[in-house]
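Enquirer: Residues per chain are reported as follows:
There are 2 protein chains.
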Amino acid sequence: MKLQVAMDVLTTEAALELAAKVAPYVDILELGTPLIKSEGVRAITAIKTAHPDKLVFADLKTMDAGELEADLAFAAGADYVTVLGTAGDSTIVGAVKAANAHGKGIVVDLIGVADKVTRAQQVTGLGAVFVEMHAGLDEQAEAGFTFATLLTDGETSKVPFSVAGGVNLDTIAAVQRAGAEVAVAGGAIYGAADPAASAAALRAAIV
Amino acid sequence: MKLQVAMDVLTTEAALELAAKVAPYVDILELGTPLIKSEGVRAITAIKTAHPDKLVFADLKTMDAGELEADLAFAAGADYVTVLGTAGDSTIVGAVKAANAHGKGIVVDLIGVADKVTRAQQVTGLGAVFVEMHAGLDEQAEAGFTFATLLTDGETSKVPFSVAGGVNLDTIAAVQRAGAEVAVAGGAIYGAADPAASAAALRAAIV
Numbered sequence: 001m002k003l004q005v006a007m008d009v010l011t012t013e014a015a016l017e018l019a020a021k022v023a024p025y026v027d028i029l030e031l032g033t034p035l036i037k038s039e040g041v042r043a044i045t046a047i048k049t050a051h052p053d054k055l056v057f058a059d060l061k062t063m064d065a066g067e068l069e070a071d072l073a074f075a076a077g078a079d080y081v082t083v084l085g086t087a088g089d090s091t092i093v094g095a096v097k098a099a100n101a102h103g104k105g106i107v108v109d110l111i112g113v114a115d116k117v118t119r120a121q122q123v124t125g126l127g128a129v130f131v132e133m134h135a136g137l138d139e140q141a142e143a144g145f146t147f148a149t150l151l152t153d154g155e156t157s158k159v160p161f162s163v164a165g166g167v168n169l170d171t172i173a174a175v176q177r178a179g180a181e182v183a184v185a186g187g188a189i190y191g192a193a194d195p196a197a198s199a200a201a202l203r204a205a206i207v
Numbered sequence: 001m002k003l004q005v006a007m008d009v010l011t012t013e014a015a016l017e018l019a020a021k022v023a024p025y026v027d028i029l030e031l032g033t034p035l036i037k038s039e040g041v042r043a044i045t046a047i048k049t050a051h052p053d054k055l056v057f058a059d060l061k062t063m064d065a066g067e068l069e070a071d072l073a074f075a076a077g078a079d080y081v082t083v084l085g086t087a088g089d090s091t092i093v094g095a096v097k098a099a100n101a102h103g104k105g106i107v108v109d110l111i112g113v114a115d116k117v118t119r120a121q122q123v124t125g126l127g128a129v130f131v132e133m134h135a136g137l138d139e140q141a142e143a144g145f146t147f148a149t150l151l152t153d154g155e156t157s158k159v160p161f162s163v164a165g166g167v168n169l170d171t172i173a174a175v176q177r178a179g180a181e182v183a184v185a186g187g188a189i190y191g192a193a194d195p196a197a198s199a200a201a202l203r204a205a206i207v
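The listed protein sequences derive, respectively, from chains F and P.
Residue 1 is where the first sequence starts when you use the numbering used here, and the numbers rise one by one after that.
Residue 1 is where the second sequence starts when you use the numbering used here, and the numbers rise one by one after that.
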């Protein structure tokens, strides 16, 4: 199982600083959606240039103009670009076309999708390399949110999946047992007093 | 009825050039999602600085972290920021909180929502100033797309709405008859040989 850090910071400078600390312990460096909207795709280029040996994940959360948006991010240096599961199929197909042209991959973020299992299977059929079983920052704060549902949905879907939204030292073993390809940790790393130590501990928890 | 131009270009320079041509004929200057992802929120600041007398619409299409993303765009100079109708209610509520703090407005983009009428009424109840009855660029290219459904949905919802996705000289009268507060023209303006003439013609078609 790979470890991905979601860098939910707001400036390229802060992302570069965080990436420098945690890169030795993670496989995938993710630029969060607010960071990309704040700084533009130049933030992707800055991270990929600083860490050419790492996979760079651009969380575009594309809803329309799939080919155009994905192409912008891949051209800037992304290895993975996200499209929303709530987007239409033609948007996902367009983004996959851009990924194929660059030899890279589209990940579908299932945030906000009611039936995540069915949609996971559909979008994998459309060419997504994996899906993200994801509870958003806002959703995690809602009453009734259960992390376990994300894991069950991933396991049931029988397609390659990552898990995001509540991954930490207490939950990462369950994420691996559910069969995730990638565990995505955000606040557990960037919100820690010592992000490098937190990333190292999460890495050590993967067996 | 107000006229909004959706500037689906990819650089701040191109947006400034287009805005300079069409501003005399429109009420609202919209920065498209790919433009914001490409350039970052500095593009919003550039447009608002060049056109302080116009309303600036930042099409963020936010799906998560509603308050944070909306705050970024309002702080950069936006008058309106979009959140997706497929986002959770807590994301919309967060974005409305940021809008209220800035004395500005949240618009909910109903792209990808199956029951647009019901969702339009829900999000207006959550504090959206209007909803966008919107068919995306990808959706417009799909077989079976009908512009008329957007108008019927807007009329049926009985809440303030704009219409986007197929507004041009042939359709703008129907948009006004349906009771839209705002008609959003994209390709009909930016794709025209003479964007200023096209914007002027659309303006003249509003009675």
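None of these hints come from the bench; they were simulated from the model.
All figures in this text were calculated on a predicted structure; none of them were measured in a lab.
Any given hint might turn out to be false.
Just so you know, same-sequence chains aren't split out, so a pair can sit in one copy or run between any two.
With a cut-off of at most 25 Å between alpha-carbon atoms, the simulated SDA-like pairs for lysine to any residue come out as follows [unchecked claim]:
hint, residue 1, residue 2
1, Lys54, Ala141
2, Lys48, Thr11
3, Lys97, Pro24
4, Lys48, Leu10
5, Lys97, Phe145
6, Lys158, Ala192
7, Lys54, Thr156
Enquirer: Evaluate each hint against the coordinates.
Expert: Here's how the hints hold up against the structure:
no., hint, result
1, Lys54 x Ala141, "neither (31 Å within a copy, 36 Å between copies)"
2, Lys48 x Thr11, "both (15 Å within a copy, 21 Å between copies)"
3, Lys97 x Pro24, "neither (32 Å within a copy, 39 Å between copies)"
4, Lys48 x Leu10, "both (17 Å within a copy, 21 Å between copies)"
5, Lys97 x Phe145, "between (35 Å within a copy, 22 Å between copies)"
6, Lys158 x Ala192, "neither (33 Å within a copy, 48 Å between copies)"
7, Lys54 x Thr156, "neither (30 Å within a copy, 51 Å between copies)"
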